[in-house]
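Asker: Sequence:
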Amino acid sequence: QGRPKGRVTVYSIQGCPHCMQAKATLRLLGVPVYDVDLSSHSELRARVKELTGHSTVPQIFFNSVHVGGNNDLQKLSPEELQRLVSLVKEEPLSGDAPPLPEQSQSEDAAGETEGEFMCERDELADLVENLMIGTHWRGLTLHQKSFLSSQLVGWLQKEKGMARAAACNTGQVLLKKYMIKVHGCEQHDSNFGKGKDTMAGLYRLLEDDPHSALGAGQTATCSLMQAAQLSLLLREMILKLFSEHLSADGKSVDYKGMSVNPAFERYCELAIQLQRVELLSLSREEKLAFFINLYNALVIHGYLRLGAPTNMWQRYRFFNYVSYLIGGEVFTLQDIENGILRGNRKGVAQLRRPFSKTDPRLQVALPDAEPLIHFALNCGAKGCPPIKTYTPQDIDSQLRTAAEAFLENDDGCVVDSVKQEVRLSQIFKWYKADFGGTDEKLLRWVLDHMGDSPKKTSLQGVLSAGKTKVSFLPYDWSSNSTH
1 QGRPKGRVTV YSIQGCPHCM QAKATLRLLG VPVYDVDLSS HSELRARVKE LTGHSTVPQI
61 FFNSVHVGGN NDLQKLSPEE LQRLVSLVKE EPLSGDAPPL PEQSQSEDAA GETEGEFMCE
121 RDELADLVEN LMIGTHWRGL TLHQKSFLSS QLVGWLQKEK GMARAAACNT GQVLLKKYMI
181 KVHGCEQHDS NFGKGKDTMA GLYRLLEDDP HSALGAGQTA TCSLMQAAQL SLLLREMILK
241 LFSEHLSADG KSVDYKGMSV NPAFERYCEL AIQLQRVELL SLSREEKLAF FINLYNALVI
301 HGYLRLGAPT NMWQRYRFFN YVSYLIGGEV FTLQDIENGI LRGNRKGVAQ LRRPFSKTDP
361 RLQVALPDAE PLIHFALNCG AKGCPPIKTY TPQDIDSQLR TAAEAFLEND DGCVVDSVKQ
421 EVRLSQIFKW YKADFGGTDE KLLRWVLDHM GDSPKKTSLQ GVLSAGKTKV SFLPYDWSSN
481 STH
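Sequential numbering from 1 applies to the sequence shown in UniProt numbering.
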């Protein structure tokens, strides 16, 4: 019969289970399938949305015929599917065919190496590794792996030949770079090495401070990297690893295989560098991109080290326990979501705010809750937002796109015009305060953040009629692990 004259075009992103399932189905049809990764070709996102009216991926075309997403593809009858296959085999592409990346752009994207990290060793790392650490009593308490400020200053003078003033200044630099920290006191000693050695003069290496953060107990030896750059690199590395261990049908992930992949060990080595990132100078946009990317990477890292939680108690413990050491402080998943991104608001089943008034992490928190983060930290059951990594430069438009994609799916929002009812994801119930606090304000927020679609038109009609009932959909907590 000769080669097919047309093509199937799939717009997807890396790490999307729904995209994997769709492509697995399409490969069985015996027609050319062109996969366009919108992660690498963000310039095509707006055009794809214009063509399809959808913000989610995958989006599938047979020649110029738009089928929809993976769910739509799987619902096609054998007759409909055969008709589309015949179209691709027998008819050449028309002028309105869905766009592919330009050749130069494709080559540039293919040449990019994600997850590459070259560690330039920080000269101060050698210094702290040679530091003599001991044990000290304070009252009836024994403090192991600690040292006095005077001991560090004296050691620098003796072993490194520094003058006292230079040694004191080096101690301050070590504090500022989060290589050492004050032990037993929340505030750094601003007069390092001066005066009497009281409790405020007792220090520890950051890796010797006892806590349960992933990667704890190891020294961050590389020169400082920009926070946003580091979180983006971590997210790209874990996504690439995730994609390699996602089943062909996109339905399950081999977390056990991921955990023994050498690429995961490289990821862990990079995650250690989070210990020393500088957070206080980050802008709102930089904080959003940094902590969203990090949260999503930390969830997968937690699965690999501890396993996926399977019941309510395990979920509560998972999100309150799994953590990274970031900028000298421990941040759990709960701390990141509710403390930082929600402006220090109480989370689900929490009795108090994550950060007290004296907690140094409070200085990093956003001044107000950002409701759009809920759609960047979650993925729908039928389609993913077309963005998996976030950048400070485009964070607001990226978050808006993620919200549109979430509301587009029926696991996010269902409008029943007959019953005058709107059924929403449990996320809107759990975090109702972020969306206005009342049903009326919640529905207005949902309407304002929907993309133009028949669903939005239906919602406008329901709201204009008045007396709208709001209910909440069940939440699917099932794990996608193969083990």
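By construction, these hints were calculated from the structure, which means they are not laboratory data. Small disclaimer: the values here were computed from a predicted structure and weren't measured. Built from N, CA and C at the ideal position, the CB exists for glycine as well. There could be a bad hint or two in this list.
To be verified - Derived lysine to any residue pairs resembling SDA-like cross-links, with alpha carbons at most 20 angstroms apart:
hint : residue 1 : residue 2
1    : Lys429    : Asp359
2    : Lys429    : Asp416
3    : Lys49     : Asp410
4    : Lys469    : Val414
5    : Lys441    : Thr468
6    : Lys251    : Lys49
7    : Lys432    : Gln393
8    : Lys256    : Glu244
9    : Lys456    : Asp476
10   : Lys346    : Val414
11   : Lys456    : Leu28
12   : Lys441    : Ser464
13   : Lys251    : Ala24
14   : Lys181    : Ala216
15   : Lys181    : Cys222
16   : Lys89     : Asn71
17   : Lys89     : Glu50
What the hints assert, rightly or not - DEER-style ranges, computed between Cβ atoms:
hint : residue 1 : residue 2 : range
18   : Ser77     : Ser471    : 26 to 36 angstroms
19   : Asp249    : Thr135    : 54 to 64 angstroms
20   : Asp394    : Gln218    : 45 to 55 angstroms
Asker: Among all the numbered hints in the text so far, which are the ones the structure does not match?
Answerer: 1, 6, 7, 9, 10, 11, 16, 17 and 20
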